[in-house]
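S.K.: Each chain, letter by letter, is given below.
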Amino acid sequence: MSNQEKMVLTGNQGIARGFYEAGGLLAASYPGSPTVEILDSIKEYEEVYSEFSTSEKVALEVAIGGSFAGVRSMASMKHVGVNIAADPLMTFTQTKTNGGFVLLSGDDPGMASSQNEQDNRIFGKFANMGILAPGDSQDAIDYTKAAFDISEKYHLPMMVNITSRVCHSRTPVVLGERKEVEPRVFEKDVQRYCMIPPHTNPLQHSMKDRIDKLKEFAYDSELNTLEEREGADTLVVTSALVYHNLKELELDVSIYKLGMIYPISPKKLQELSEKYQRIIVIEELMPMIETEIKMMGIECEGKKYFSFTGELHTEDIERGLKKAGVITDRNTTDAEPVESVKRTPLFCAGCPHRPIFDILKKIRKRVIGDIGCYSMAMFEPFQASDSIISMGATVGITKGMTKANALVGKSEPLVSVIGDGTMFHSGLPGFVNLLHQRNENDNMTFIILDNRTTAMTGGQATAASGNYTSADDMKVDIKTIIQAMGHENVQEVDQFDYEATKKVLTEETNKPGISFVIAKRPCALKFKIQENTFYVNPNVCIGCRNCIKTNCPPIRMKKYHNIDKLKSSIDPDMCAGCSVCAQVCPVDAIQPKGQHPDHSKKGSAKYKRQEYQKMNLNNDDKE
Amino acid sequence: METINIMLGGVGGQGLVLTTDVICKAALKAGYDVKSNDVIGLAQRGGMVWGSVRIGEKVHSPNIPVGKADIILGLEPLEAQRWEHLLNENSKIIANTKEIYPTQSLLEKQDYPSEEIAKFYERYDHYLSDFSADAKKLGNRKAANTVLLGVMAQFLPISTEIWKETLRENVPEKAIDVNMKAFDYGYESFKDKS
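Residue numbers (numbering that gives the first Met the number 0), protein chains in the order written: chain X, 0 to 622; chain D, 0 to 193.
Simulated from the structure, these hints should not be mistaken for laboratory data. We treat Cβ as the ideally placed atom computed from N, Cα and C, and that holds for glycine. Please note that the accuracy of each hint is not assured.
Just the calculated beta-carbon pair ranges, DEER-fashion [said to hold, decoys possible]:
(1) 337(X) <-> 173(D): 37 to 45 Å
(2) 200(X) <-> 30(D): 43 to 51 Å
(3) 121(D) <-> 531(X): 22 to 30 Å
(4) 113(D) <-> 434(X): 33 to 41 Å
(5) 306(X) <-> 138(D): 31 to 39 Å
(6) 562(X) <-> 123(D): 48 to 56 Å
(7) 306(X) <-> 30(D): 56 to 64 Å
(8) 361(X) <-> 107(D): 14 to 22 Å
(9) 114(D) <-> 434(X): 26 to 34 Å
(10) 89(D) <-> 337(X): 32 to 40 Å
(11) 338(X) <-> 89(D): 50 to 58 Å
Covered stretches of chain X (in silico footprint by chain D; criterion: 3 or more residues with CB under 8 Å from a CB of chain D, positions within the stretch not fixed) [said to hold, decoys possible]:
(12) 310-324
(13) 479-485
List time: in silico PhoX-like cross-link candidates among lysine-lysine, alpha-carbon distance up to 25 Å [to be verified]:
(14) 592(X) <-> 141(D)
(15) 214(X) <-> 341(X)
(16) 173(D) <-> 341(X)
(17) 525(X) <-> 190(D)
(18) 190(D) <-> 141(D)
(19) 5(X) <-> 163(D)
(20) 190(D) <-> 557(X)
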């Protein structure tokens with residue numbers, strides 16, 4: 000076969016390419032796995048305005064603005080991002096869409112990187128949107144283009160619903176040309192754009208009419224494909240990656256692959272139901288397609304054979320179809336992974352979160368966590384995160400627990416941790432809310448982990464990143480903003496000064512009132528921090544494992560030649576030189592490479608961090 | 000041609016995603032259909048990461064069925080062993096023997112399973128080296144995965160010219176030379192054995 004004009008793209012890159020080829024002009028997003036690479040890729044197109052907004056709600060609103068102004072606009076986000084964006088979404092979708100509008104939702108069956116498994120196809124229907132579901136990177140391109148065309152033709156917003164597996168999977172694609180689309184104009188029309196009653200009353204009907212028209216479109220749309228097997232009495236209705244996993248089995252069944260999974264054409268299903276004895280729906284998560292078909296009064300089966308949670312791999316499909324009696328023998332084996340040592344993620348070498356959580360563990364305070372790399376503090380050895388719910392939730396939860404504790408006569412100091420990105424996303428309203436019914440006996444300490452980036456999703460900018468790098472333009476000063484709210488007790492710390500930080504956190508968590516501590520060290524990964532590495536002198540090391548307990552990737556106990564007991568060691572290839580291990584070592588066995596102090600005299604070997612990489616907190620360490 | 004299934008296992012930060020990308024692009028250049036999978040997200044911070052690549056005339060699913068992996072490309076020993084259930088008696092192991100301890104082993108709660116891994120290697124046709132050390136000698140420790148690709152190249156129907164062209168197009172400009180050396184080194188390393 001000829002592949003001259005082909006290339007390999009991920010599903011995420013496919014969505015970006017589809018947006019570009021569709022003549023998309025405005026794209027907004029908030030970074031979140033599995034969809035973060037969509038906007039990263041769109042940024043490469045110069046014709047397009049794109050931004051990572053401060054939250055999914057803002058991103059959606061920016062895209063609504065683009066659509067109002069008449070240009071093709073897209074908001075992309077992970078599934079839970081749609082929850083935050085739901086308020087503008089549910090009302091915007093009532094309007095007669097002007098410039099083509101696409102909401103890209105990245106779902107995560109199996110939760111590879113998410114806090115829940117919600118099925119946003121339900122959300123799409125709830126918001127009266129049409130929904131397309133790509134199964135590979137070519138679909139991602141084609142469906143994104145189709146979504147814009149449908150959106151403009153039928154004046155409705157479209158959802159493209161993609162799963163994490165398709166986002167990251169690479170498949171061959173053929174690229175097309177960009178289509179320049181004539182922008183529409185925004186004309187003042189209060190009935191169309193001002194969503195108050197009575198304007199909204201007729202819109203309930205027009206939303207239904209749009210979906211009814213899409214049902215007619217769905218009847219013979221090329222988005223939906225029928226593969227008929229001669230003599231087959233079973234029809235499988237499926238979509239997206241499940242279709243490809245099913246195809247691996249090469250079964251004697253006909254397949255109706257829905258590219259547009261909502262709405263479905265009742266006329267088409269009626270015809271098919273007359274032709275086939277059985278209709279079996281195979282879909283991940285909720286029985287969305289199955290329910291739609293049943294609501295047409297057509298018999299079908301689905302979730303009684305297939306799991307409602309996790310992904311449906313080829314093996315799962317085969318197992319379900321055997322249960323359904325569609326096949327009698329199985330050709331695949333269910334995976335039973337090798338029992339071995341688990342590998343949980345951990346803070347990188349040089350990560351600025353490490354000393355914070357090492358200290359919080361030592362001072363034994365309850366920690367209400369949040370979403371970001373610091374979520375990993377819940378793992379061993381820190382176990383210093385007692386709850387994780389959603390972006391920014393730590394602030395309200397900390398206040399609620401404190402107030403509830405007071406009601407039942409319990410006084411427990413609480414520590415709340417939140418990253419800079421998460422704080423700008425949805426922590427600030429909670430910070431303002433702390434001022435309401437303040438009680439001087441409440442003891443809450445808010446630690447803002449200002450590592451200057453949204454690290455977990457690959458290092459996108461936050462609203463404060465511009466203070467540190469000329470590549471970013473937002474220079475919000477976190478300390479100023481919190482003080483301007485009316486919070487008096489706000490301190491900044493350099494957490495690589497371990498003792499000073501420990502002192503501040505001990506004092507603040509032991510005294511009543513609301514305290515803010517801003518930890519200023521930047522992300523070691525994003526800013527590629529590499530200082531002089533450290534080594535362990537095994538003749539001085541007493542094997543206390545204080546350094547081991549900081550759980551740094553290069554530090555482990557090792558058998559040295561001619562020494563009986565295990566002593567600590569540092570892999571120089573992995574060490575980033577943060578010095579935290581040297582600072583927790585009680586006997587100064589850990590020293591910077593090249594320094595060989597005399598350990599025979601007490602005190603002379605003391606590692607002084609002041610000699611080393613002191614950080615200026617006045618924001619002048621710009622690139 | 001029967002579909003060739005390659006399973007990759009590694010640790011977050013080792014460059015598994017780029018390695019998967021290079022294999023896919025080389026396979027497409029050589030005229031094959033290809034699909035890959037890799038899991039990123041929470042796992043990118045020192046956690047387990049894995050990818051699969053399937054190369055053939057027509058590939059439907061990117062997932063490798065149990066017992067159907069032809070090659071396991073281990074960027075780290077434990078992460079190679081983790082996928083043994085995908086292997087069969089004819090499978091090959093190409094693995095970097097440089098151990099990266101997971102948290103449980105760093106904390107001395109579970110031994111790093113070096114002995115089990117050695118037995119695992121013995122059960123299959125294997126091609127092993129501390130490729131990180133090899134790459135370091137060649138000029139950059141980060142080119143370890145390219146040495147692995149060089150070793151694997153002799154088992155795939157993709158020419159060395161295509162591999163090198165793909166590498167040139169996908170690694171940073173200043174790392175091209177070391178990657179070319181790393182590929183050649185890997186390609187020649189086990190010539191006698193195979």
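S.K.: Need the list of violated hint numbers for this structure, in ascending order.
M.R.: 2, 3, 4, 5, 6, 7, 9, 10, 11, 13, 15, 16, 17 and 20
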